[in-house]
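Novice: For reference, the chains in residue letters:
2 protein chains.
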Amino acid sequence: MTVPVSAPVPAPVPAPVPGLRERKKQRTRDALIRVALELFTRHGYEATTVDEIVDAVEVSQRTFFRYFSSKEEAVFAVQQMTEERFVHALGQRPPDEAPIDAMRNAVLSAWDTIGEAIEEVIPVDLHLRTYRMIESTPALLAVHLRRSTEMEETIARIIAAREGLDVDEDPRPRIAVAAFSGVMRVTGQMWGRGTDGSLEAIRALTEQYLDQLGPALAPRWRD
Amino acid sequence: MTVPVSAPVPAPVPAPVPGLRERKKQRTRDALIRVALELFTRHGYEATTVDEIVDAVEVSQRTFFRYFSSKEEAVFAVQQMTEERFVHALGQRPPDEAPIDAMRNAVLSAWDTIGEAIEEVIPVDLHLRTYRMIESTPALLAVHLRRSTEMEETIARIIAAREGLDVDEDPRPRIAVAAFSGVMRVTGQMWGRGTDGSLEAIRALTEQYLDQLGPALAPRWRD
DNA sequence: TTGTCAATTGTCAGTCGCTGTCATTAGCCT
DNA sequence: AGGCTAATGACAGCGACTGACAATTGACAA
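The listed protein sequences derive, respectively, from chains A and B. Numbering-wise, UniProt numbering puts 83 at position 83 of the first sequence, and it's gapless, one number per residue. Numbering-wise, UniProt numbering puts 193 at position 193 of the second sequence, and it's gapless, one number per residue.
Hints listed in this document are in silico derivations from the structure and should not be mistaken for laboratory results. Ideal placement from N, C-alpha and C gives every residue a C-beta, glycine not left out. Treat each hint with caution, since some may be false.
[To be verified] Listed next, the stretches of chain B that the computed footprint assigns to chain A, with coverage defined by at least 3 CB atoms under 8 angstroms from CB atoms of chain A:
id, stretch
1, 107–119
2, 135–147
3, 210–219
[Stated by the list, open to error] Here are a few chain B residues that sit away from chain A, every Cβ distance over 10 angstroms (derived from the structure):
id, residue
4, Pro18
5, Leu20
6, Lys25
7, Thr49
8, Ala56
9, Ser60
10, Gln61
11, Phe65
12, Gln80
13, Phe86
14, Gly91
15, Glu163
16, Ile175
17, Phe180
18, Ser181
19, Val183
[Claimed, not checked] According to the in silico footprint, chain B covers these stretches of chain A (three or more CB under 8 angstroms from chain B):
id, stretch
20, 36–50
21, 117–131
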């Protein structure tokens, strides 16, 4: 067994200049996302055909499906970024926090930094309209929920690791995450139905609803 | 204001003999469901085309889409029945039960009577295989989750009514239901992955996992 | 029984999402 | 400059789904 004393840096700056080819790809991808979301939110998701998107971006339909495995996937490209934010934030939480608190604080801190990250690809305004579209379009809502449960498994494993547990032995990580995610979903729903579409509003709702989780499970509601 | 003393029965037997036309429709519909689920579970959902189903039942493709608005909907026809069972069972719970307990007992009592109800349309065995297929087929899982959240809204309103609350004023009904449903979903997942595919097994898991909801939300897991 | 009405079904043509294939283009690297 | 390879475009085809119209078949009254 060798003890790594001073490991050599594997790659100082792996991508200093991404190269023309890579930059071109990134631009095409971003353009597809922007145009797609713009058309989706303007005319509706199903009313917009893939042909309309690729005509506007001036690429072939085949290219669209090389970037996104489906029309739906284009909708969730930005969503994916915010999910990664949350997972990262959760990993940063101090290990002595209770599981529920760690998740709660991770969402709240994620909400704080998400705005700027989104702005690099699309206007935040467009992203908010996209979120509402997802909530109100059955086909998209379905995919959204499936993606959420996929992330729940990821989160459950992080929580289990924090507590030194095995997810397949102790059901509590998955259950805590499921309960937490359920509340977050209701939060998103209520925010989408409300009139205040700001990031501050959803942050406030997040806190408010998570605070109600304990009381909601209490045996007696009337007092 | 009139006090209903002894309400007259509105319609004694509205449908004594459904008529040939109606019976024929029911038979076609049941046949489509049976054959579809059989083929789906045997060869896989996406691998089975609608044409294969309608060829086996000897109807036109157009007829299939008159009975089911999509290929997916055929999968959930039986599921729908069990959901109605649960809603009914929930309505029967005594009003003094705590919300969470009412839901818990409603599922458990529903599991008891679901078997026979299913058998009228398809073999229970086929239904169990269908459930597993849904869990393991992304496209179906997505639809399943969306249907679940639609039912959550229904349940939340029942809970709110029991407690004399307005779902749009007090968030607790929706939150309690979301947490509850999250746990039920994990239950279904775990059951689908396990080896014991019996109705007893899922009943046992239901009890076990719901018992863990409180502990999972506790601030300290280690003791 | 028969004729009429309306519900149900079949046929056909067409749209749209999506995929496999193959030729063409265009960065990249020696 | 020229070869290599990644990216794109063009095309054909499949399967889910829909609209429109014609054909069939129970229902029900004359």
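Novice: A separate judgement is required for each hint: does it hold in the structure or not?
Specialist: Cross-check of the supplied hints:
Using a Cβ-Cβ cut-off of 8 angstroms, 0 residues of the stretch 107–119 of chain B lie near chain A, which falls short of the minimum of three, so the contact claim is violated. Three residues within the 8 angstroms Cβ limit are the bar, and the stretch 135–147 of chain B against chain A gives 6, so the coverage statement holds. Only residues whose C-beta sits within less than 8 angstroms of a C-beta in chain A count toward coverage, and the stretch 210–219 of chain B has 8 of them, enough to reach three; the restraint holds. The Cβ of Pro18 (chain B) lies farther than 10 angstroms from every Cβ of chain A, with a closest approach of about 32 angstroms, so its non-interface assignment holds.
Interface exclusion of Leu20 (chain B) from chain A stands, the closest Cβ pair being 36 angstroms apart, more than 10 angstroms. Every C-beta of chain A lies more than 10 angstroms from that of Lys25 (chain B), the closest at about 26 angstroms, which supports listing it as non-interface. Its beta-carbon lying about 19 angstroms from the closest one in chain A, Thr49 (chain B) satisfies the requirement of being farther than 10 angstroms from that chain. Annotated as non-interface, Ala56 (chain B) keeps its C-beta farther than 10 angstroms from every C-beta of chain A; the closest such distance is 28 angstroms.
No beta-carbon of chain A comes within 10 angstroms of the beta-carbon of Ser60 (chain B); the shortest separation is about 25 angstroms. Consistency note on Gln61 (chain B): stated as away from chain A, and its beta-carbon is indeed over 10 angstroms from all of that chain's, at 21 angstroms minimum. No beta-carbon of chain A comes within 10 angstroms of the beta-carbon of Phe65 (chain B); the shortest separation is about 17 angstroms. Separation of Gln80 (chain B) from chain A is adequate, the least Cβ-Cβ distance of about 16 angstroms exceeding the 10 angstroms criterion.
Every CB of chain A is more than 10 angstroms from the CB of Phe86 (chain B) (nearest about 17 angstroms), matching its label as outside the interface. At the 10 angstroms boundary, the C-beta of Gly91 (chain B) stays outside the reach of chain A, the nearest C-beta of that chain being 18 angstroms off. The beta carbon of Glu163 (chain B) sits about 5 angstroms from the closest Cβ of chain A, which is not more than 10 angstroms, so the claim that it is off the interface is violated. The claim that Ile175 (chain B) lies off the interface is violated: its Cβ sits roughly 4 angstroms from the closest Cβ of chain A, which falls inside the 10 angstroms cut-off.
With a least beta-carbon separation of about 8 angstroms from chain A, Phe180 (chain B) fails to lie farther than 10 angstroms from that chain, contradicting its non-interface assignment. Ser181 (chain B), annotated as away from the interface, has a beta carbon of chain A within 10 angstroms; the closest lies near 6 angstroms. Here Val183 (chain B) does not stay apart from chain A, with its beta-carbon only about 6 angstroms from theirs, under the 10 angstroms limit. Only residues whose C-beta sits within less than 8 angstroms of a C-beta in chain B count toward coverage, and the stretch 36–50 of chain A has 0 of them, not enough to reach three; the restraint is violated.
With 0 residues bearing a CB less than 8 angstroms from a CB of chain B, the stretch 117–131 of chain A misses the requirement of three and the coverage assertion fails.
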